[in-house]
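*Asks:* One-letter residues, chain by chain:
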Amino acid sequence: MGRMDIVQQVFSVSDFIAVVNQTLEYAYPNIEVEGEVASFKVNQGKFVFFDIKDSGGSIGCFMTVWQLRVPIEDGMKVIVTAAPKLTQWGKFSLTVKAVRPSGEGALKKSFELLKAKLEVEGLFAPERKRQLPLIPRHVAVISSTQAAGYADFIKILNDRWVGIRVDVAHVQVQGTDAPDQIIRAVEYFNQRELIPEVLVIIRGGGSADDLAAFNDELLVRSIAGSRIPTLIGVGHETDESLADLVADVRAATPSNAAQILVPDRLDIIRAVRAQVGSLLPRIMQVVDQQKQEVRERLTDIVRKIEQVVDEKAMYISNLRNVLAQLNPNAVLSRGYALIRGNIKVGSLIEIETNKAILGAEVKNVVNK
Amino acid sequence: MSSTNKSIQEKTAGLTKLVAWFDSDEFTLESALDKFKQAEKLALDIEKDLTSLKNEIQIVKKKFD
Chain A
1373 MGRMDIVQQV FSVSDFIAVV NQTLEYAYPN IEVEGEVASF KVNQGKFVFF
1423 DIKDSGGSIG CFMTVWQLRV PIEDGMKVIV TAAPKLTQWG KFSLTVKAVR
1473 PSGEGALKKS FELLKAKLEV EGLFAPERKR QLPLIPRHVA VISSTQAAGY
1523 ADFIKILNDR WVGIRVDVAH VQVQGTDAPD QIIRAVEYFN QRELIPEVLV
1573 IIRGGGSADD LAAFNDELLV RSIAGSRIPT LIGVGHETDE SLADLVADVR
1623 AATPSNAAQI LVPDRLDIIR AVRAQVGSLL PRIMQVVDQQ KQEVRERLTD
1673 IVRKIEQVVD EKAMYISNLR NVLAQLNPNA VLSRGYALIR GNIKVGSLIE
1723 IETNKAILGA EVKNVVNK
Chain B
5 MSSTNKSIQE KTAGLTKLVA WFDSDEFTLE SALDKFKQAE KLALDIEKDL
55 TSLKNEIQIV KKKFD
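Line by line, the protein sequences are chains A and B. Start counting at 1 in the first sequence, then tack on 1372, and there's your number in the working numbering. Start counting at 1 in the second sequence, then tack on 4, and there's your number in the working numbering.
Misleading hints may appear alongside valid ones.
Below, in silico cross-link-like pairs of lysine-lysine (DSS-like), each with a Cα-Cα straight-line distance of 30 Å or less [to be verified]:
1. A:Lys1487 / A:Lys1501
2. A:Lys1663 / B:Lys39
3. A:Lys1469 / B:Lys66
4. B:Lys67 / A:Lys1527
Quick caveat, the hints were computed from the structure, so don't treat them as lab data.
Kindly generate the complete structure, drawing on both the sequences and the hints.
*Replies:* So, in structure tokens, the structure goes:
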């Protein structure tokens, strides 16, 4: 038999396109292709078209605008997650599910583009920032429970404070699924009847690509829209993500997030001891003050009594002087004499001087 | 909601209030010893709570993928 004989079926064009698409879907349900963006355009505000190319070829790509989670532009190196498809016009294209920048330059460019866009909207404005409660009683944590950053956070939290209810949502913290999982966890906690007082999102350090999930536009908007105050501790101290910028409070690392979230109980114990320790000296100080006041009052009373006694003594002394001057002896001592008896001629009288008492007879009396 | 931690906060607030009393115009020597004993007991309770209690960590059962 010749080769032509093995052709068993004649397809219509539509059927053939459908069969090719089925084959593609079976063989390549989800592929990732890396290349450079070209001819990027958005039609009707909904549909995104661009080509992805390298030195050897170019493929058309299509996606919806809400699937585009990071800004891209011509010349940017990206990785698209897509399904290949043959259109009804016979054109081969990639139906893109997700696109992410590839390489340090593209990641940085995408970061700067989105940062500028969100900054204009005021999402990073200081006046939007809310304060965290001083000591929260109920905290929600979004992280991968297998990540070292999560373990660090829990260890520091347990070392520092106790009695907190911590609800943990286990999510992926890197890769294409991470942003949506974190968004769902943010929504979950925000929709609870009893909402936590703080929402903590943590992830340890990693490469720029590992941390790219935290620069996802929808995730950043989700954090901005959280009615629960947010604390973000992603990566190392030098890493800066858009999630950091939009959070109410940014921690440098997961460990630092725990330090920000709660005080150190050892500090509190020391402070409590110091507070109580300061009370006895305070009481003794008041006792000393009151003793001093009593002493001063007693001194005043004694001084007043002495003053009254002095006044009375002076009064008596004055009286004594007056009495002394009225004493007849004092008059006699000045040379006067005291006469006793009838003052008529022939009477015997007694004359008392300072030094003697004389007997005498009245010889004559002349009226003055 | 953890009621134990709430009580640590309440106790801390109570202690702060008691300490403030010692510096207030309401201070009297007659009441000071009683207030001091209350403060001492609260401080011991707080210290005991802070050294004996644990955090209550629960992994949410819901899947987010």
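*Asks:* Does each hint fit the structure? Answer for all of them.
*Replies:* Results for each hint:
1. A:Lys1487 / A:Lys1501: holds, 17 Å
2. A:Lys1663 / B:Lys39: Roughly 21 Å separates the two Cα atoms, so the pair holds.
3. A:Lys1469 / B:Lys66: Since the Cα atoms of A:Lys1469 and B:Lys66 sit roughly 25 Å apart, the hinted pair holds (cutoff 30 Å).
4. B:Lys67 / A:Lys1527: holds, 24 Å
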